[in-house]
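*Asks:* Next come the chains, spelled out residue by residue.
4 protein chains.
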Amino acid sequence: MQEIEQLCATARECYARGWAPATSGNFSVRWGSRIAITPTGLDKGVLVPQDLLEIDMNGSVLGGRGRPSAETSLHTVIYRERAHARAILHVHTIWNTLLSARFDPRGYIIIEGYELLKGLSGVTTHEHIEKIPIIENSQKYEVLAIEFEEVLRAYPDAHGVLLSRHGLYTWGESVAEARRHLEALEFLFEAEGRRLFGQP
Amino acid sequence: MQEIEQLCATARECYARGWAPATSGNFSVRWGSRIAITPTGLDKGVLVPQDLLEIDMNGSVLGGRGRPSAETSLHTVIYRERAHARAILHVHTIWNTLLSARFDPRGYIIIEGYELLKGLSGVTTHEHIEKIPIIENSQKYEVLAIEFEEVLRAYPDAHGVLLSRHGLYTWGESVAEARRHLEALEFLFEAEGRRLFGQP
Amino acid sequence: MQEIEQLCATARECYARGWAPATSGNFSVRWGSRIAITPTGLDKGVLVPQDLLEIDMNGSVLGGRGRPSAETSLHTVIYRERAHARAILHVHTIWNTLLSARFDPRGYIIIEGYELLKGLSGVTTHEHIEKIPIIENSQKYEVLAIEFEEVLRAYPDAHGVLLSRHGLYTWGESVAEARRHLEALEFLFEAEGRRLFGQP
Amino acid sequence: MQEIEQLCATARECYARGWAPATSGNFSVRWGSRIAITPTGLDKGVLVPQDLLEIDMNGSVLGGRGRPSAETSLHTVIYRERAHARAILHVHTIWNTLLSARFDPRGYIIIEGYELLKGLSGVTTHEHIEKIPIIENSQKYEVLAIEFEEVLRAYPDAHGVLLSRHGLYTWGESVAEARRHLEALEFLFEAEGRRLFGQP
Numbered sequence: 258m259q260e261i262e263q264l265c266a267t268a269r270e271c272y273a274r275g276w277a278p279a280t281s282g283n284f285s286v287r288w289g290s291r292i293a294i295t296p297t298g299l300d301k302g303v304l305v306p307q308d309l310l311e312i313d314m315n316g317s318v319l320g321g322r323g324r325p326s327a328e329t330s331l332h333t334v335i336y337r338e339r340a341h342a343r344a345i346l347h348v349h350t351i352w353n354t355l356l357s358a359r360f361d362p363r364g365y366i367i368i369e370g371y372e373l374l375k376g377l378s379g380v381t382t383h384e385h386i387e388k389i390p391i392i393e394n395s396q397k398y399e400v401l402a403i404e405f406e407e408v409l410r411a412y413p414d415a416h417g418v419l420l421s422r423h424g425l426y427t428w429g430e431s432v433a434e435a436r437r438h439l440e441a442l443e444f445l446f447e448a449e450g451r452r453l454f455g456q457p
Numbered sequence: 258m259q260e261i262e263q264l265c266a267t268a269r270e271c272y273a274r275g276w277a278p279a280t281s282g283n284f285s286v287r288w289g290s291r292i293a294i295t296p297t298g299l300d301k302g303v304l305v306p307q308d309l310l311e312i313d314m315n316g317s318v319l320g321g322r323g324r325p326s327a328e329t330s331l332h333t334v335i336y337r338e339r340a341h342a343r344a345i346l347h348v349h350t351i352w353n354t355l356l357s358a359r360f361d362p363r364g365y366i367i368i369e370g371y372e373l374l375k376g377l378s379g380v381t382t383h384e385h386i387e388k389i390p391i392i393e394n395s396q397k398y399e400v401l402a403i404e405f406e407e408v409l410r411a412y413p414d415a416h417g418v419l420l421s422r423h424g425l426y427t428w429g430e431s432v433a434e435a436r437r438h439l440e441a442l443e444f445l446f447e448a449e450g451r452r453l454f455g456q457p
Numbered sequence: 258m259q260e261i262e263q264l265c266a267t268a269r270e271c272y273a274r275g276w277a278p279a280t281s282g283n284f285s286v287r288w289g290s291r292i293a294i295t296p297t298g299l300d301k302g303v304l305v306p307q308d309l310l311e312i313d314m315n316g317s318v319l320g321g322r323g324r325p326s327a328e329t330s331l332h333t334v335i336y337r338e339r340a341h342a343r344a345i346l347h348v349h350t351i352w353n354t355l356l357s358a359r360f361d362p363r364g365y366i367i368i369e370g371y372e373l374l375k376g377l378s379g380v381t382t383h384e385h386i387e388k389i390p391i392i393e394n395s396q397k398y399e400v401l402a403i404e405f406e407e408v409l410r411a412y413p414d415a416h417g418v419l420l421s422r423h424g425l426y427t428w429g430e431s432v433a434e435a436r437r438h439l440e441a442l443e444f445l446f447e448a449e450g451r452r453l454f455g456q457p
Numbered sequence: 258m259q260e261i262e263q264l265c266a267t268a269r270e271c272y273a274r275g276w277a278p279a280t281s282g283n284f285s286v287r288w289g290s291r292i293a294i295t296p297t298g299l300d301k302g303v304l305v306p307q308d309l310l311e312i313d314m315n316g317s318v319l320g321g322r323g324r325p326s327a328e329t330s331l332h333t334v335i336y337r338e339r340a341h342a343r344a345i346l347h348v349h350t351i352w353n354t355l356l357s358a359r360f361d362p363r364g365y366i367i368i369e370g371y372e373l374l375k376g377l378s379g380v381t382t383h384e385h386i387e388k389i390p391i392i393e394n395s396q397k398y399e400v401l402a403i404e405f406e407e408v409l410r411a412y413p414d415a416h417g418v419l420l421s422r423h424g425l426y427t428w429g430e431s432v433a434e435a436r437r438h439l440e441a442l443e444f445l446f447e448a449e450g451r452r453l454f455g456q457p
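Chains as they are written, first to last, in my numbering: chain R, 258 to 457; chain H, 258 to 457; chain G, 258 to 457; chain F, 258 to 457.
Incorrect hints may have been included.
All copies of an identical chain are treated as equivalent in the list; a pair is satisfied when it fits inside any one copy or across any two copies.
Within a straight-line C-alpha distance of at most 25 angstroms, the following computed DMTMM-like cross-link-like pairs (lysine to aspartate or glutamate) qualify [as the list claims (entries may be wrong)]: (1) LYS375 x GLU270; (2) LYS388 x GLU430; (3) LYS397 x GLU270; (4) LYS397 x GLU430.
These are calculated hints, taken from the structure and not from any lab test.
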């Protein structure tokens with residue numbers, strides 16, 4: 258499937274940018290009620306379609322090698338709560354790590370006034386206010402999955418969710434759209450990070 | 258046409274540098290009264306000549322696939338006001354975003370004293386003072402086109418125009434010259450940004 | 258041997274990232290009591306298996322071209338003190354240089370609260386506290402070797418050792434694991450560096 | 258000649274790193290009293306041996322296409338004053354630009370305490386103190402050439418010369434050594450720049 262090849266190419270590119278270091282990050286694509294997803298612990302710099310697991314919407318493994326990542330349940334929650342989502346990208350970057358740590362106490366980050374907000378689907382003006390929820394990090398993924406469900410409902414217009422000092426989840430109606438959201442959000446995080454913390 | 262291939266190569270390179278993320282940026286080349294220009298919404302990382310639209314100096318489509326970008330009118334204004342311009346590059350970068358935001362209230366940015374100013378056509382000394390106008394961002398492109406015309410006339414020596422928290426427009430007598438202007442200006446923006454905001 | 262090819266690929270990648278500039282850095286892999294290690298003074302950007310020296314656990318040369326690096330004794334100490342280590346990576350980066358200089362007086366750096374700590378073997382939660390010893394730099398390698406032995410014993414859980422204003426040593430049960438540790442630690446050093454020094 | 262191919266490869270790599278933007282920078286290699294040098298205005302990203310000019314030690318053109326750069330005289334001065342020099346690299350980088358601007362009033366920059374100082378020929382310890390002269394930038398190259406001669410004599414141990422807000426000149430007994438010096442100095446400039454200006 259072409260989308261699976263695109264997902265792997267996107268993962269390899271994220272690795273090359275330093276956005277998925279040390280086997281971190283995970284990536285998935287959905288068609289109908291089937292999901293192809295990266296298993297735990299793989300080097301994303303060399304990801305190929307054969308590496309992916311096939312799972313259903315409950316996270317049960319239907320085929321493929323490897324062990325599901327603990328974060329698989331966050332993917333299935335997103336697919337359930339965002340009915341149009343066909344691809345999900347989760348990355349660890351310096352700037353999303355630092356911004357999520359800074360705004361963790363408040364629970365969300367606001368980005369406004371940038372032209373690049375128009376890289377987010379449905380946004381037609383730089384005057385858009387993007388409010389991205391931040392969830393405190395945890396290793397209890399059943400709890401995280403519930404919190405994800407809550408923030409996805411509380412922030413119906415958000416194009417991403419941040420896990421504090423952990424990383425970003427974003428999605429799209431295709432791999433290409435998810436990747437556009439990722440590039441837009443990470444650009445905005447870096448611009449906002451440098452602006453807020455004096456560089457400039 | 259070789260210039261079209263060079264324009265596409267330049268766009269792909271801009272993407273690779275992070276200067277045209279999330280399908281942002283647009284690029285054009287002119288010969289006579291015909292313009293080849295990127296349509297809206299394309300991933301610049303894989304741009305090829307067949308992707309370009311052909312338009313006339315009024316922005317009317319003469320051929321090619323895709324929908325013209327809303328910013329097409331800014332290209333035609335530049336070609337009218339800068340008679341020698343044969344190529345226009347528009348990019349979104351972290352440093353031009355941050356500098357334009359900072360100096361937006363004043364309406365221009367001044368760069369002086371750097372050897373790399375000599376990368377701008379007609380500049381023969383680092384003692385040159387480059388004054389680049391900044392226009393407040395807007396989604397009303399007919400208004401922006403008028404403001405562009407005004408600043409291009411008010412700043413006849415400027416090698417670029419900044420849209421606040423949006424991006425840079427620069428141009429040249431060839432794709433190679435436009436690219437040289439882009440590389441020079443972005444280097445100067447980064448140097449000046451780090452100097453002004455304490456890094457250093 | 259596949260591990261030797263992987264070691265060279267890792268060294269070339271470190272060079273490409275700017276982590277082994279100016280022929281700096283050194284890299285080794287061990288099988289049984291034999292070690293393949295980079296000789297002194299090679300450009301790591303073009304490293305191939307034929308460039309490596311073969312030495313024993315005392316650092317005596319068994320084969321290969323070139324002169325052993327002065328830092329060879331630090332590799333053999335690590336292999337003795339970390340019985341499971343099969344590969345060692347030593348790099349010079351901007352962020353490990355700056356952090357080691359800053360925390361040199363205290364003798365260690367603490368990193369905690371980041372999800373990417375889970376990139377370190379045996380770490381299962383972001384609540385892990387990683388304490389990495391810092392040794393003052395010296396050109397007396399026989400003394401450094403003794404200090405290395407001491408800190409490896411004093412910090413039995415540490416995944417790396419920093420030499421102040423010099424670089425990081427990290428290791429793993431395979432080249433892949435050592436590389437995962439390297440990528441995780443350098444990500445954490447950059448995040449922590451930017452957080453501590455106001456950027457943010 | 259292999260050295261000429263290596264020089265061009267080094268120039269292309271400098272461009273790729275952003276160290277020779279906008280056709281800036283120049284590069285040369287010497288054998289006996291003949292020098293192969295980049296002419297003015299070439300894009301260094303695609304430099305090939307056929308692009309080079311051949312000149313003598315007085316800067317007179319012996320062969321090749323293109324016009325000599327105004328900075329050619331600085332190369333011949335370095336070859337005269339540093340008898341062992343066989344290659345010269347001149348680059349424009351963000352960090353050498355910012356550091357040279359900062360220390361311009363004092364006339365030199367001091368770098369000490371870093372292991373990477375050992376990347377400079379003849380340096381065997383991090384306790385080395387490298388003192389690099391800074392010359393105020395000028396477009397009067399006959400004057401600059403005299404000032405270059407003076408500082409090369411006044412700082413016989415320096416491995417480079419900075420032109421303020423302009424760039425670095427460094428050299429070596431081979432292209433490989435000159436490149437090692439360049440990589441070491443630029444690493445040190447970045448580390449020192451971040452340390453001095455709070456990042457950290």
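*Asks:* Evaluate each hint against the coordinates.
*Replies:* These are the hints, each one checked on the structure:
| no. | hint | verdict |
| --- | --- | --- |
| 1 | LYS375 x GLU270 | both (22 angstroms within a copy, 22 angstroms between copies) |
| 2 | LYS388 x GLU430 | within (20 angstroms within a copy, 43 angstroms between copies) |
| 3 | LYS397 x GLU270 | neither (29 angstroms within a copy, 35 angstroms between copies) |
| 4 | LYS397 x GLU430 | neither (28 angstroms within a copy, 28 angstroms between copies) |
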